[in-house]
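**Q** The opening position of the sequence shown corresponds to residue 189 in our numbering, with each subsequent residue numbered one higher.
A couple of the hints might just be wrong.
Computed beta-carbon distance windows for the label pairs [what the hints assert, rightly or not]: (1) GLU258 - GLY210: 28 to 36 Å; (2) PRO237 - GLY260: 12 to 20 Å; (3) ASP259 - ILE207: 25 to 33 Å; (4) ALA204 - ARG256: 32 to 40 Å; (5) GLU225 - GLU258: 26 to 34 Å; (6) PRO249 - ASP223: 13 to 21 Å; (7) GLU258 - ALA224: 32 to 40 Å; (8) GLU240 - ARG203: 17 to 25 Å; (9) ALA224 - GLY260: 18 to 26 Å; (10) ASP202 - GLU258: 19 to 27 Å.
Hints listed in this document are in silico derivations from the structure and should not be mistaken for laboratory results. No residue lacks a Cβ here, since even glycine has one placed at the ideal position from N, Cα and C.
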Amino acid sequence: MGLSPGNRIEIEVDRALCIGSGDCVDSAPAVFELDAEDKARVIDPDGAPTDEVIEAAGNCPVTAIFVRGEDGDLYP
């Protein structure tokens with residue numbers, strides 16, 4: 189999980205759902221990476237603007253990425 193003080197968002201990857209497609213990494217490589225188990229993880233929650241993080245989450249084929257803002261869920 190990553191908390192972004194700049195973007196004021198929280199990014200969570202559900203590792204049980206993640207299939208390691210890498211679509212999030214392709215969309216926001218400064219925010220996500222695949223670990224040794226080919227599961228996505230947050231490396232820098234401030235690595236991209238909020239709209240790019242939401243787009244990367246939307247590219248996940250199994251909806252394993254959750255983005256929350258101060259006022260609640262931003263994605264999904």
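**Q** If a hint holds in the structure, say so; if it doesn't, say that too.
**A** Status of each hint after checking the structure:
1. Under the hint 28 to 36 Å, the C-beta atoms of GLU258 and GLY210, about 29 Å apart, fit the expected range.
2. At roughly 19 Å, the beta-carbon separation of PRO237 and GLY260 lies within the given 12 to 20 Å, and the hint holds.
3. Between ASP259 and ILE207 the Cβ separation comes to about 30 Å, which falls inside the hinted range of 25 to 33 Å.
4. About 18 Å separates the C-beta atoms of ALA204 and ARG256, a value inconsistent with the hinted range of 32 to 40 Å.
5. Judged by the Cβ atoms, the range 26 to 34 Å given for GLU225 and GLU258 holds: they are separated by roughly 32 Å.
6. Between PRO249 and ASP223 the beta carbon distance is about 18 Å. The supplied range of 13 to 21 Å therefore holds.
7. As the Cβ distance of GLU258 to ALA224 is approximately 33 Å, the hint placing it in 32 to 40 Å holds.
8. As the Cβ distance of GLU240 to ARG203 is approximately 22 Å, the hint placing it in 17 to 25 Å holds.
9. Against the hinted window of 18 to 26 Å, the Cβ-Cβ separation of ALA224 and GLY260 comes to about 33 Å, which falls outside the hint.
10. Restraint check, ASP202 to GLU258: a C-beta distance of roughly 21 Å satisfies the suggested window 19 to 27 Å.
When the structure is compared with the earlier hints, violations turn up for hints 4, 9 and for no others.
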